[in-house]
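*Asks:* Residue numbers (my numbering), protein chains in the order written: chain A, 105 to 442; chain B, 105 to 442; chain C, 105 to 442; chain D, 105 to 442.
Hints listed in this document are in silico derivations from the structure and should not be mistaken for laboratory results.
Everything numeric in this text was worked out from a predicted model, so none of it was measured.
Treat the hints with care, as some may be off.
[To be verified] Derived lysine-lysine pairs resembling BS3-like cross-links, with alpha carbons at most 30 Å apart:
1) C/LYS310 - B/LYS360
2) D/LYS433 - D/LYS421
3) D/LYS421 - A/LYS170
4) A/LYS182 - A/LYS303
5) C/LYS433 - B/LYS292
6) C/LYS108 - B/LYS202
7) A/LYS258 - B/LYS170
8) A/LYS170 - D/LYS265
9) D/LYS170 - C/LYS310
10) D/LYS263 - D/LYS202
11) A/LYS430 - D/LYS303
12) C/LYS310 - B/LYS131
13) D/LYS131 - C/LYS131
14) B/LYS258 - C/LYS113
[What the hints assert, rightly or not] Here are some, though not all, of the chain D residues that point toward chain A, as calculated from beta-carbon distances under 10 Å:
15) ALA151
16) VAL354
17) PRO356
[Claimed, not checked] To list a few chain D residues with every Cβ distance to chain A over 10 Å, as calculated:
18) ASN117
19) PRO126
20) ARG158
21) LYS170
22) ASN198
23) GLY291
24) LYS297
25) THR298
26) GLN307
27) THR309
28) THR320
29) ASP322
30) SER333
31) LEU345
32) SER431
Beta carbons are placed, not taken as given, at the ideal position from N, Cα and C, and that holds for glycine.
There are 4 protein chains.
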Amino acid sequence: MDYKEILKKAKENLNGSCRVCPVCNGKACAGEVPGMGGTGTGSAFLANYDALDRVKVNMRVIHDAKDPDTSIELFGKKLRIPVMAAPVSGTILNMGGKFTEREYISWVINGCLDAGIYPIVGDTAIDTFLPTNLEELKKVGGQGIAIIKPWENKNIIQKIKMAEEAGVFAVGVDIDAAGLITLALYGKPVGPKTVEEIKELVQSTKLPFILKGVMTVDDAMLAVETGASAIVVSNHGGRVLDHTPGVAEVLPEIAKAVKGKITILADGGVRTGVDVLKMIALGADAVLIGRPFVTASFGGGAEGVKAYIDKIANELKSAMILTGCKSIKDIDERVIRY
Amino acid sequence: MDYKEILKKAKENLNGSCRVCPVCNGKACAGEVPGMGGTGTGSAFLANYDALDRVKVNMRVIHDAKDPDTSIELFGKKLRIPVMAAPVSGTILNMGGKFTEREYISWVINGCLDAGIYPIVGDTAIDTFLPTNLEELKKVGGQGIAIIKPWENKNIIQKIKMAEEAGVFAVGVDIDAAGLITLALYGKPVGPKTVEEIKELVQSTKLPFILKGVMTVDDAMLAVETGASAIVVSNHGGRVLDHTPGVAEVLPEIAKAVKGKITILADGGVRTGVDVLKMIALGADAVLIGRPFVTASFGGGAEGVKAYIDKIANELKSAMILTGCKSIKDIDERVIRY
Amino acid sequence: MDYKEILKKAKENLNGSCRVCPVCNGKACAGEVPGMGGTGTGSAFLANYDALDRVKVNMRVIHDAKDPDTSIELFGKKLRIPVMAAPVSGTILNMGGKFTEREYISWVINGCLDAGIYPIVGDTAIDTFLPTNLEELKKVGGQGIAIIKPWENKNIIQKIKMAEEAGVFAVGVDIDAAGLITLALYGKPVGPKTVEEIKELVQSTKLPFILKGVMTVDDAMLAVETGASAIVVSNHGGRVLDHTPGVAEVLPEIAKAVKGKITILADGGVRTGVDVLKMIALGADAVLIGRPFVTASFGGGAEGVKAYIDKIANELKSAMILTGCKSIKDIDERVIRY
Amino acid sequence: MDYKEILKKAKENLNGSCRVCPVCNGKACAGEVPGMGGTGTGSAFLANYDALDRVKVNMRVIHDAKDPDTSIELFGKKLRIPVMAAPVSGTILNMGGKFTEREYISWVINGCLDAGIYPIVGDTAIDTFLPTNLEELKKVGGQGIAIIKPWENKNIIQKIKMAEEAGVFAVGVDIDAAGLITLALYGKPVGPKTVEEIKELVQSTKLPFILKGVMTVDDAMLAVETGASAIVVSNHGGRVLDHTPGVAEVLPEIAKAVKGKITILADGGVRTGVDVLKMIALGADAVLIGRPFVTASFGGGAEGVKAYIDKIANELKSAMILTGCKSIKDIDERVIRY
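Generate the whole structure from the sequences, applying the supplied hints.
*Replies:* Take a look at the structure:
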């Protein structure tokens, strides 16, 4: 399945909700929330792309890294490449409405598993959303992760249980959804959480717990205190707070503060295998990718998802050869310049 | 009333004098004075927008600021958010001529008061302008502020008296209009003022006196000397001197010099609640907003003005949640990065 | 005569050789030599504009500079503003061919004198060019300056004599034309000159001698050694060497090295009175303006030239009020930020 | 032969594979591999152009460098200017298919030799490619260089012998092609090489050996260790690894580390004689130029190639006059600012 054909098809199937631009940087869709853009001026989405784009890669060719190993282990699982599909939702609201949530998530789940990585499913204000996603995940033995919105703790814990039953191997909360103050109008308030509140969540499950939406050193250090297994350095794809910095800009300082104390995941503007290499070099243990899974799945279903993963796996391998990295742990700050 | 609809309507009603761009940054209207643009190359308007745009916001989600208080007290008044409508004039000259000054200012006044903030009315070379504005303000009990052009002192003092009679709760001079040398041709010279001259103005009234148009630390310190209650850090929306820096660029150094000694207001490129948060974080006690009140009122009258204020109030509250600020005084330099 | 009308008319009369862009920055005409552009990629022209554009102006309004004096004295002459018309040539080659050199230069000469400043006439590979220009200058009593190409010294000295006879009050050489190696093919070699060679030129006349085309501190210091009266910091409008820095970028370091030892003139990207103020603040004693005199004269003849000068004189005065400068010598580095 | 006409003709003959843009910077063709663009986002091609563009040239006109010598000696050969034609291949795959490899390379070879410089021929996955190129080179007495892909050593050594037989005066490997992992699928694996492996190549021939594709100080120092005669600081025209820095950005630090210990060649974004001067000033002993030879040859055959070389030779000479350099070795860091 040719990736360019997938993108062409995706453009048709997304009904204008996404232009499937040659470079997916948040410019064309600025402000389109609902839609696929960043909130407000779209600057936080753009900042993700630009911050990563500014990082340059040091090409090295005199060495013996002829056949690099791109795999990692994460939460007890082997990943072919240090990548997971980020939780993305809203086929009707954001993606033009041609496909259902169920169709979308099943493609992402199956494409990921076929290609040797794992999917993360998400949660929304619609009650049926998470159950649908978990049903699809259960069909494949629960080989994935569930990320829940920052509702009141009792509701989160209930949903964690639901995810455990589906067999997921990790759970978490995208705490950066805390600013969606309109949800309170529907009786479903979300909000920030204190260390104590997060501790309660962490202790409610035996699964690794992930805190998604950390953008400062302060929050990263508090996250370590909560006992969570991992953070995702993320500004929610630029969709919750306009003018946040790019993830690649804050990642190095966060990694400097908490690397080794907590697993560091990151998302924001990752499109290619070279971008994966950069994020790892900036301090991430693994990365999440969001929007490209929408175009890949809308353009080619599970096969499209697999084609995309194969593509970035090849790019990552080639980039590791050209930077002299035999394994993912060899990818460090010497690989980049910024 | 939907804000997007308001903007659509505004575009029609502004007769091309303003394009109501997706991002109001001074690019499309560069040089359009008369009109809605910045003077000359338009760079001073653009600088306002760009300087504020460069300021990034530190998202924080691990805390207990679940329901922030967005209000402040200013000149003895309670404001729902730290925002006032800046004095803007010239419906015929600058805004396409469809509506009269009286219509425009009545919408701004009523919309502001309905939404819990206060309007500032302005002054021009047209003799009837200020009286008309003050008449409208008097209808609502004078709940607002009047800013007068830097005429000869005796004329200013006469106009201050007029404003006092209308019941305003503060007065001031937009001293940055000093460079309009063509006004002298009409026998109405404006000009800069010495500390002594400003002292005379300050002492001519019991109302708080505001000096609008301070862009340097030097002037800010002289302003303190005059006994004025407040300065407005402002380059007059980029309309008086091409190539002035952006307000957000000079605000921190000015705040460092005079914070606490004089109330610091600021305007220049503020469009959203996140922009309000940034300006406060940079050192302002409250901000003035100009052009967006033109589009809001031309698109939806008083209701449009209220809709715009409601929108930025929600944005500000959400931004305070996502930066961990329980009250306006919690918004400081830790909230931003630049 | 309305300046906008002049520009409109100029656009017609320039036959596409100049687009008369809203902002004259070298973008649209990049590489158009012959034509009105910068050489090669046009980057040296663009750099002139951009370097000056980056300089910001500190607005100050609390002071007593209510009626600034914009005049200076230069080479024993009083200038209404510190501006002269730069030598520009090639109505057929560069400016669309509608008007003759004689028409063009007579407009510039008369417009300048009517408006209280002085013109500089130039020299080219065409033998009749300089004599024609000097004839026109002689008609008004030689009230101007002649700048000669860097031919062999004996030829330059011959032309200096010709200029003296026309009554000019200063002469000079635009030594930055040294790289026009194709002129050697026509038996008219130009080239760089040593200190000794320039000394010979300086000593060949009693008139003040101007060295145009200095872009480094080294050359500026050598210029002082030659005994010349003035340098023009200039990259020849970006027309001789692609990728030279902007004049406003190198001017401060040159001024630091030779200010007071030699008169410092500068040209490059000056369009408005604010630009004049910036160049003076960066270290120039006076500025030369080139392209705007082409559009002003092609659009309105001598009247157009006068209208342009009146415009920038007003802008300069307003800018001096808004920066608190009572006289040109008050314009120093405190006026700007960069 | 007029160079503008050549470009016009080239545009027709390239069948859209290259737009022959006014400025060849990699923007229009971003991602077009196959084609003439940079890989992925095209950023590595753009970085080459931009890094060189950021370097400014210090114009100097008070000196006696009236007739500079532009020639150098390299690998025992005299070059009229310090330039060689870089190995470029793929007339069918990348250049629109109108001409054959043989036609293309014969034009480049003959144009270079007619104009006083030397061509470099390349190697691809197609077995007949190198022999065809060498045949053409042999016709002119082997006056050129051959660069071979980083195959397994025994294959490279075999090809070096082939090149020796054609009479070339230097050989090398473009080791930055190491990341083309798809070639392994065709049983023709390429890869990075250790110092030991490169030593074997160097020692397999008496000809000077060139290592093309060095982008870091580390690799440059290892290259010295291998005994190679020269490196080419190059990111392969941005075609092998997206997001590498521009050559002009890394060249100074590489030159600082190995200048004098190994001959430093460089390519990446060089278009004009001023660019040649910049690269030399940044530390290169000579430069390679790629894409402009495609347009010159496609537009005018060997004559087009000669016309292009004559053009940049004139530009270089003019630039040396305007920077006061009597010979290539006078071109050093004082010539530039960045």
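*Asks:* It remains to establish, for every hint, whether it holds in the given structure.
*Replies:* To see whether the hints hold, each was checked on the structure:
A hinted pair counts as satisfied when its Cα atoms are at most 30 Å apart, and C/LYS310 with B/LYS360 does not qualify at roughly 56 Å. A threshold of 30 Å between alpha carbons decides the hint, and for D/LYS433 with D/LYS421 the separation of about 13 Å falls inside it, so the pair holds. The hinted pair formed by D/LYS421 and A/LYS170 fails the criterion: a straight-line CA distance of about 45 Å is larger than 30 Å. A distance of roughly 28 Å separates the Cα atoms of A/LYS182 and A/LYS303; the hinted pair therefore holds under the 30 Å criterion.
Between C/LYS433 and B/LYS292, the direct Cα distance comes to roughly 29 Å. Compliance with the 30 Å bound is thereby established for this hinted pair. Using a Cα cut-off of 30 Å, the hinted pair C/LYS108 and B/LYS202 holds, with the two alpha carbons roughly 25 Å apart. Using a Cα cut-off of 30 Å, the hinted pair A/LYS258 and B/LYS170 holds, with the two alpha carbons roughly 17 Å apart. The suggested pairing of A/LYS170 with D/LYS265 holds, with an alpha-carbon distance near 26 Å, which does not exceed 30 Å.
Straight-line distance between C-alpha atoms of D/LYS170 and C/LYS310 comes to about 28 Å, which keeps the hinted pair within the 30 Å bound. Under the criterion of a C-alpha separation no larger than 30 Å, the hint pairing D/LYS263 with D/LYS202 is consistent with the structure, at around 28 Å. Note on A/LYS430 and D/LYS303: the hinted pairing holds, with a Cα-Cα distance of about 22 Å set against a maximum of 30 Å. Simply put, C/LYS310 and B/LYS131 have alpha-carbon atoms about 51 Å apart, too far for the 30 Å limit, and the pair is violated.
Distance check on the hinted pair: D/LYS131 and C/LYS131 sit about 17 Å apart at the alpha-carbon level, within 30 Å; holds. This hinted pair does not check out: B/LYS258 and C/LYS113 have alpha carbons roughly 45 Å apart, beyond 30 Å. The closest approach between the C-beta of D/ALA151 and any C-beta of chain A is roughly 7 Å, which is under the 10 Å cut-off, so the hint is satisfied. For D/VAL354, the suggested interface contact is upheld, since its CB lies about 8 Å from the closest CB of chain A, less than 10 Å.
Look at D/PRO356: its Cβ only gets to about 14 Å from chain A, farther than 10 Å, so that hint breaks. Under the 10 Å C-beta cut-off, the non-interface status given to D/ASN117 relative to chain A holds; the minimum distance is some 26 Å. Residue placement check: D/PRO126 keeps its beta carbon more than 10 Å from all beta carbons of chain A (closest about 21 Å). For D/ARG158, the requirement that its beta carbon stay farther than 10 Å from each beta carbon of chain A is met, with the minimum near 14 Å.
Distance check for D/LYS170 against chain A: the nearest CB is about 42 Å away, which clears 10 Å, and the non-interface claim stands. At roughly 17 Å from the closest C-beta of chain A, the C-beta of D/ASN198 stays outside 10 Å, upholding its exclusion from the interface. With a least beta-carbon separation of about 16 Å from chain A, D/GLY291 lies farther than 10 Å from that chain, consistent with its non-interface assignment. Once the 10 Å rule is applied to beta carbons, D/LYS297 is inconsistent with being away from chain A; the minimum gap is 6 Å.
The claim that D/THR298 lies off the interface is violated: its Cβ sits roughly 5 Å from the closest Cβ of chain A, which falls inside the 10 Å cut-off. Against chain A, the non-interface label of D/GLN307 holds: every CB pair exceeds 10 Å, the least being about 16 Å. Every beta carbon of chain A lies more than 10 Å from that of D/THR309, the smallest distance being close to 19 Å; the non-interface claim holds. Non-interface call for D/THR320 relative to chain A: violated, since the shortest CB-CB distance, roughly 5 Å, does not exceed 10 Å.
For D/ASP322, the shortest C-beta to C-beta distance to chain A comes to about 6 Å, within the 10 Å cut-off, and the non-interface label is violated. Against chain A, the non-interface label of D/SER333 holds: every CB pair exceeds 10 Å, the least being about 16 Å. The beta carbon of D/LEU345 is not kept farther than 10 Å from every beta carbon of chain A, the shortest such distance being approximately 5 Å. Separation of D/SER431 from chain A is adequate, the least Cβ-Cβ distance of about 33 Å exceeding the 10 Å criterion.
Comparing the model with each earlier hint shows violations of hints 1, 3, 12, 14, 17, 24, 25, 28, 29, 31; every other hint is respected.
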